[in-house]
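Heads up: the sequence lines are chains A and B, in that order.
Going letter by letter, the first sequence gives residues 83 to 262 in this note's numbering.
Going letter by letter, the second sequence gives residues 534 to 714 in this note's numbering.
Honestly, the hints are just simulated from the structure, not real lab data.
Any given hint could turn out to be false.
Derived contacts from chain A toward chain B, CB cut-off under 10 Å, selection only [to be verified]:
id, residue
1, Ile87
2, Glu88
3, Asp89
4, Gly94
5, Gln105
6, Met113
7, Lys114
8, Glu164
9, Asp212
10, Thr215
11, Phe219
12, Asp220
13, Leu230
14, Ala238
15, Leu243
No farther apart than 30 Å at their CA atoms in a straight line, the calculated lysine-lysine pairs in the BS3-like style are these [stated by the list, open to error]:
id, chain 1, residue 1, chain 2, residue 2
16, B, Lys564, B, Lys692
17, A, Lys193, B, Lys585
18, B, Lys546, A, Lys193
19, A, Lys114, B, Lys568
20, B, Lys568, B, Lys546
21, B, Lys542, A, Lys114
22, B, Lys568, B, Lys692
23, A, Lys193, B, Lys692
24, A, Lys114, B, Lys546
25, B, Lys535, A, Lys114
26, A, Lys114, B, Lys564
27, B, Lys692, B, Lys585
Label pairs and their computed distance ranges (CB to CB) [claimed, not checked]:
id, chain 1, residue 1, chain 2, residue 2, range
28, A, Asp212, B, Gly661, 29 to 37 Å
29, B, Ile537, A, Ile117, 20 to 28 Å
30, A, Ala135, B, Ile700, 23 to 31 Å
31, A, Pro239, B, Ser557, 19 to 27 Å
32, B, Leu703, A, Leu224, 19 to 27 Å
33, B, Thr558, A, Ala98, 39 to 47 Å
34, A, Pro239, B, Ile627, 33 to 41 Å
35, B, Ile700, A, Thr183, 45 to 53 Å
Every residue, glycine too, gets a C-beta built ideally from N, C-alpha and C.
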Amino acid sequence: MNAFIEDGVGSGGVAAVIGNELQVTTETEAMKANIRGDAYTIIADSVDPGGAAEDWFYMMNNDSRNLIIYRIDGWCVSTDEEFNVLLGATDAGTDAGDVITPVNNNAGSGKLPRIECTSDATNLAITGGDLVTTLKFDHVTLQHTTHLFPSGIILAPNTRLHMEAKGAGIVHMNLYFYMD
Amino acid sequence: MKVICEDPKTGGKAAVRNNALAVSTASEALKANLKGNCYSALCDVTPAVLGKDFFFLRNADERDLVIFKIEGWADDASQEITVELNATDDGQAIAAGDAIIPINMNSAFDNTAAVVCASDATDLAVTGGVTASLLAFDATALQIRTFDFPAGIILATGKRLHCNCSIQGLINMNVYFYFRE
Numbered sequence: 083m084n085a086f087i088e089d090g091v092g093s094g095g096v097a098a099v100i101g102n103e104l105q106v107t108t109e110t111e112a113m114k115a116n117i118r119g120d121a122y123t124i125i126a127d128s129v130d131p132g133g134a135a136e137d138w139f140y141m142m143n144n145d146s147r148n149l150i151i152y153r154i155d156g157w158c159v160s161t162d163e164e165f166n167v168l169l170g171a172t173d174a175g176t177d178a179g180d181v182i183t184p185v186n187n188n189a190g191s192g193k194l195p196r197i198e199c200t201s202d203a204t205n206l207a208i209t210g211g212d213l214v215t216t217l218k219f220d221h222v223t224l225q226h227t228t229h230l231f232p233s234g235i236i237l238a239p240n241t242r243l244h245m246e247a248k249g250a251g252i253v254h255m256n257l258y259f260y261m262d
Numbered sequence: 534m535k536v537i538c539e540d541p542k543t544g545g546k547a548a549v550r551n552n553a554l555a556v557s558t559a560s561e562a563l564k565a566n567l568k569g570n571c572y573s574a575l576c577d578v579t580p581a582v583l584g585k586d587f588f589f590l591r592n593a594d595e596r597d598l599v600i601f602k603i604e605g606w607a608d609d610a611s612q613e614i615t616v617e618l619n620a621t622d623d624g625q626a627i628a629a630g631d632a633i634i635p636i637n638m639n640s641a642f643d644n645t646a647a648v649v650c651a652s653d654a655t656d657l658a659v660t661g662g663v664t665a666s667l668l669a670f671d672a673t674a675l676q677i678r679t680f681d682f683p684a685g686i687i688l689a690t691g692k693r694l695h696c697n698c699s700i701q702g703l704i705n706m707n708v709y710f711y712f713r714e
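So that you can see chain A by itself, here it is in the shape it has in the complex (with noise of 0.2 Å):
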């Protein structure tokens, strides 16, 4: 008896079977978002954090849905540069930041997601927050590193991020993440 994959909403399309192989689709999650619209990069460029221990990087997700960061990369002037990423900030700090917008990966789409994001050269004293992780880029000055979280970092609904700088020296950071 042969059984054919059938479509479960209702398009008719059944699953191919080519060189004995089932058909199967491999687009990540993230693509899966893009490709709906919904993944996003953040660019945080050419931003000095003015000194030790500043707070110079902070999103705060205003959707209904999880925003889940899979990949950060970057380059900054200083070879000692190291970023502590802490989750669950209870404030805004000074809510000065320059704000960034972020741009959606998929030409096709105009969405925007729901979220604040700003950076600054001036400390943005965000209150709180558990260090999730500890990045740096390169320890060779200008080049670029790239981070990859299999797990995702998940920013849940009214919940935040930030970024604090070991110390001074410009860096220049991209952040993907797609709503889901």
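Based on these hints, arrange chain B on the given structure of chain A.
Here is chain B on its own, set in the frame of chain A:
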């Protein structure tokens, strides 16, 4: 005969798009994180003497603990880290180590991991263990290096993992893990 893949619990039905069955590609780590079961343990320590145990982790949960990523850097480019499994005691981890509380990687959850985790500049003096992996961060001092473990490093209930260093000097290390349901 045509069949539809249906979840008997939810009634959800799998889609077929472009003649390909739509399947979830979420990693096990992501699935665990969505359920609030994924953590990072951060260690920032400067062992004063070579060959000492500077990091300790024991799984006190009833589920398997799966380490899927370790990353870090050291201030000596020659630093090597030995990862050992199945020590027979906690050494000085509880008595003298600096306790590490792993942080939940999903901001919606504040549950903590049922583990004993510690680091220390002084030898934790853990007994036993077999070497499961040798790690060297970058050969450039203070350069971050990431190690993914596609098979995971699995700590069953009650099992231990510890790390020792080949030389003295600063070590920053992030250990990412989840509990397997």
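Hint numbers contradicted by this structure: Of the numbered hints, 17, 23, 33 do not hold.
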